[in-house]
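Taking the hints into account, I'd like the entire structure generated from these sequences.
So the protein sequences, as listed, match chains P and R.
The first sequence begins at 1 in my numbering and counts up by one.
The second sequence begins at 1001 in my numbering and counts up by one.
These aren't lab readings, by the way, just hints derived from the structure by calculation.
Note that the structure is predicted; figures quoted are calculated from it, not measured.
It is possible that some hints are incorrect.
[As the list claims (entries may be wrong)] Taking beta-carbon pairs under 8 Å as the criterion, some of the chain R residues facing chain P (in silico):
{"no.": "1", "residue": "1009"}
{"no.": "2", "residue": "1011"}
{"no.": "3", "residue": "1058"}
{"no.": "4", "residue": "1059"}
{"no.": "5", "residue": "1062"}
{"no.": "6", "residue": "1066"}
{"no.": "7", "residue": "1084"}
[As the list claims (entries may be wrong)] Which stretches of chain P does chain R cover? Using the computed rule of at least three CB atoms under 8 Å from a CB of chain R, they are:
{"no.": "8", "stretch": "49-56"}
{"no.": "9", "stretch": "110-120"}
{"no.": "10", "stretch": "127-133"}
C-beta: ideal position from N, C-alpha, C; glycine also.
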Amino acid sequence: MKYIAIQAGDFDPGVESAALEALGGGGVATFTGVVRGEGGLVAMQLDHYPAMTQAQVERIVVEAFARWPLLGARVIHRVGRLAPGARIVFVGTASRHRTAALASCAFLIDWLKSEAPFWKKEHFDDGASRWVEARAEDDARAQAWKS
Amino acid sequence: MAGLTILYFAWVREAVGVDEERIDAPAPDASIAQVIATLAARGGGHAEGLGDPARLRAALDHRFAAMDTVIGAARELAIFPPVTGG
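Spelled out as structure tokens, the structure:
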């Protein structure tokens, strides 16, 4: 079972996790990303490439299924303007094997960071704003899954 | 008429000043890097957004593509900074 959603609205991690538990595999791993409110940040803007995003995230999920024995994966990525404390992203995987659930969950979030067409812009309380720079560390984590 | 749609995202879009534009089809063997160089040569926002290819990434017909990829019969080229989702 693969579920992928690119959406402006919020999601409920409990509902997402329960959908994976219902698959009966016995192991579910989840990751939820939340907007940090540090340094006077008032909003995080998430832009994406609408014609490409869904298909690209699907390719990443298909890759996870090829690498691990998964029963299900759910990926939700929000777009638009998000306040500190808002959930940005959810990744959940279900498997009969905990190592597969945990590793595939880590893989999915690493690849979402460096292989999917999203861009973050931070807005601050003094009116300043800046596009988030890609981090070499994130790139290295994504590359590590390729070796 | 054959042509190529160019899309811009994030700070590249802000620098160039438009989300999207259409150009005449480049030469059949033109690479992404060559199209970007031609666009940057227009000056102004195009030069600002596209003048430093090392800071750019691209997708051809909705697939990430290296800068030396030949445009060929592709219909859509997107140009943007390294992605920062997740």
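Hints, verified against the model:
no.: 1; hint: 1009; verdict: holds (6 Å)
no.: 2; hint: 1011; verdict: holds (5 Å)
no.: 3; hint: 1058; verdict: violated (11 Å)
no.: 4; hint: 1059; verdict: holds (6 Å)
no.: 5; hint: 1062; verdict: holds (4 Å)
no.: 6; hint: 1066; verdict: violated (14 Å)
no.: 7; hint: 1084; verdict: holds (4 Å)
no.: 8; hint: 49-56; verdict: holds (count 5)
no.: 9; hint: 110-120; verdict: holds (count 10)
no.: 10; hint: 127-133; verdict: holds (count 3)
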